[in-house]
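Chains A and B, in that order, are what the protein sequence lines are.
Position in the first sequence (first residue = 1) + 5 = this note's numbering.
Position in the second sequence (first residue = 1) + 7 = this note's numbering.
Hints may be right or wrong, so weigh each one.
Claimed, not checked - If the Cβ cut is set under 8 Å, some of the chain A residues that face chain B in the computed set are:
#  : residue
1  : R32
2  : T34
3  : V36
4  : V49
5  : L52
6  : P56
7  : Y59
8  : T79
9  : D96
10 : K104
Quick caveat, the hints were computed from the structure, so don't treat them as lab data.
Built from N, CA and C at the ideal position, the CB exists for glycine as well.
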Amino acid sequence: MNEKNPISPHIQIYNWHISSLVSIVHRITGVINITLITIICFLVMFLMLGPNNYSLINIFFNSIFGKFVIIFITWSFSFQILSEVRHFFWDLGYGFELKTSNLTGVFVIVGSFLTTLLIYFIGRFFI
Amino acid sequence: MINSTKKWLLMKSSGIVLVPLTIWFILNFVSIYDNDYQEVLLFFSSQPYKFLFSIFIIIAFFHSALTISEIFEDYVENETIKNVANKLLYLFAIIIPLLTLVILFNL
Numbered sequence: 006m007n008e009k010n011p012i013s014p015h016i017q018i019y020n021w022h023i024s025s026l027v028s029i030v031h032r033i034t035g036v037i038n039i040t041l042i043t044i045i046c047f048l049v050m051f052l053m054l055g056p057n058n059y060s061l062i063n064i065f066f067n068s069i070f071g072k073f074v075i076i077f078i079t080w081s082f083s084f085q086i087l088s089e090v091r092h093f094f095w096d097l098g099y100g101f102e103l104k105t106s107n108l109t110g111v112f113v114i115v116g117s118f119l120t121t122l123l124i125y126f127i128g129r130f131f132i
Numbered sequence: 008m009i010n011s012t013k014k015w016l017l018m019k020s021s022g023i024v025l026v027p028l029t030i031w032f033i034l035n036f037v038s039i040y041d042n043d044y045q046e047v048l049l050f051f052s053s054q055p056y057k058f059l060f061s062i063f064i065i066i067a068f069f070h071s072a073l074t075i076s077e078i079f080e081d082y083v084e085n086e087t088i089k090n091v092a093n094k095l096l097y098l099f100a101i102i103i104p105l106l107t108l109v110i111l112f113n114l
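Just chain A, same shape as in the assembly (with noise of 0.2 Å):
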């Protein structure tokens, strides 16, 4: 007989809210993130097959499409980063008020897009 875990209430049955909403972009971006440094681990690897190899990732990296799937990188690390250290005031025992949270979760989502952008600044023209 197969024993039956007790799930959370999915999440279609939720309304909408800022902290649902960075709540469950918190954990798509999480499964992406981890996703994304897999690839990044094929691209050591791929380094040993040499320099021929490695030139079909170098024009991809080289394509508009490379440049966009970067940027898209850079967003969701940044928004995990944001994310996170919201949690870690959350376990401090912060910031849980109705009009705090809902104010941390748009500085999250505000925020992901701006640190891409100062990220990207920084590592294309100070690194």
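For this one, chain A is given, so just place chain B on it according to the hints.
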């Protein structure tokens, strides 16, 4: 300390350690992604980048395994499927970084 508390503490501490490591990685990756083979190879094979990247992927896979297992806990009703999914997840979180580290230290 009960196991769930241990898991929560590990999840939270690895998440916080990942914040500066992710910032370091993404800043550097943005700066080298479109470079040629030799420059990308130099980034991944020279210190301290090699050491920091190793720490980054070990903690990232460790943290992901713990957090994704929470998603399984929330949304997979069948215990057998959930347990198999968790085992595959843990296996994946060990094999991929291990294989990457072996190759990284032989570049």
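Results for each hint:
no.: 1; hint: R32; result: holds, 6 Å
no.: 2; hint: T34; result: violated, 11 Å
no.: 3; hint: V36; result: holds, 7 Å
no.: 4; hint: V49; result: holds, 6 Å
no.: 5; hint: L52; result: holds, 5 Å
no.: 6; hint: P56; result: holds, 4 Å
no.: 7; hint: Y59; result: holds, 4 Å
no.: 8; hint: T79; result: holds, 6 Å
no.: 9; hint: D96; result: holds, 6 Å
no.: 10; hint: K104; result: violated, 25 Å
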